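Asks: Chains as they are written, first to last, in my numbering: chain Y, 1 to 117; chain A, 1001 to 1114.
Calculated from the structure, these hints are not laboratory results. Just so it is clear, the structure is predicted and the values come from calculations on it, not from any experiment. We treat Cβ as the ideally placed atom computed from N, Cα and C, and that holds for glycine. There could be a bad hint or two in this list.
Said to hold, decoys possible - If you want the footprint, here are the derived chain A segments under chain Y, 3+ residues with CB under 8 Å:
id: 1; stretch: 1039 to 1047
id: 2; stretch: 1101 to 1114
Claimed, not checked - Some chain Y residues well away from chain A (every beta-carbon gap over 12 Å; in silico):
id: 3; residue: 64
id: 4; residue: 70
id: 5; residue: 73
id: 6; residue: 74
id: 7; residue: 81
id: 8; residue: 85
To be verified - With a Cα cut of at most 27 Å, we get these calculated BS3-like pairs of lysine-lysine:
id: 9; chain 1: Y; residue 1: 57; chain 2: A; residue 2: 1101
id: 10; chain 1: Y; residue 1: 59; chain 2: A; residue 2: 1101
id: 11; chain 1: Y; residue 1: 62; chain 2: A; residue 2: 1101
id: 12; chain 1: A; residue 1: 1071; chain 2: Y; residue 2: 59
id: 13; chain 1: A; residue 1: 1068; chain 2: A; residue 2: 1037
id: 14; chain 1: Y; residue 1: 53; chain 2: A; residue 2: 1068
id: 15; chain 1: A; residue 1: 1071; chain 2: Y; residue 2: 3
id: 16; chain 1: Y; residue 1: 3; chain 2: Y; residue 2: 57
id: 17; chain 1: Y; residue 1: 57; chain 2: A; residue 2: 1037
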Amino acid sequence: GPKVLQIPSHQIIDMGQMVTLNCDPVSNHLYFYWYKQILGQQMEFLVNFYNGKVMEKSKLFKDQFSVERPDGSYFTLKIQPTALEDSAVYFCASSLDWGGAGQNTLYFGAGTRLSVL
Amino acid sequence: GEQVEQRPPHLSVREGDSAVIICTYTDPNSYYFFWYKQEPGAGLQLLMKVFSSTEINEGQGFTVLLNKKDKQLSLNLTAAHPGDSAVYFCAVSRTNSAGNKLTFGIGTRVLVRP
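Input sequences plus hints: build the corresponding full structure.
Replies: Given below as structure tokens:
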């Protein structure tokens, strides 16, 4: 089936530094998402993105977070500066269409484990 | 907001036995329900999506039940085999959820022993 690739699978970074998580979504998909999963907790919605814009974000999407997809390349999540509480697995997803979730399928990547020291 | 409780967190079964995972949600406006499977090192694979108008759905080697009265969604792995070993997540979305915002359960790690 369609694949979403996330690079790297694991990233270790010192607190205060900037990090960029990369996602290669399904090629013809137009809608993109980031979810965050802290160890032992549920996966939680961070943000969705379409046509170059953030459509909706949760309270977890702090001011230090930003997303973009320049020129149809990787869909990225940038954290600047990082904090200890940003340590988590970040899952990227993409979908072909929008609207009622039941009419669409989100395809997820395997996640990037971010460790902030 | 929506709360989704998933249990059990871990499940170990013998090959050929069945395994049941249950998710309980709180929002009566929840309308779309999903089960995802995640194998080691891989992304989440959609097993099934269920609409509120359906109650019993059968897939290959599993059955999904939706009980709206009790706000429960269950996944029944029938005659489990080692390939079923994975982490399973339920996810729920509201009717007016623009943008596919899903609320996930915490996941169930299933181990199928030969």
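Asks: With reference to the structure, classify each hint as holding or not holding.
Replies: Hints versus structure:
no.	hint	verdict
1	1039 to 1047	holds (count 6)
2	1101 to 1114	holds (count 7)
3	64	21 Å, holds
4	70	21 Å, holds
5	73	19 Å, holds
6	74	16 Å, holds
7	81	27 Å, holds
8	85	19 Å, holds
9	57/Y - 1101/A	10 Å, holds
10	59/Y - 1101/A	13 Å, holds
11	62/Y - 1101/A	18 Å, holds
12	1071/A - 59/Y	26 Å, holds
13	1068/A - 1037/A	23 Å, holds
14	53/Y - 1068/A	35 Å, violated
15	1071/A - 3/Y	32 Å, violated
16	3/Y - 57/Y	24 Å, holds
17	57/Y - 1037/A	25 Å, holds
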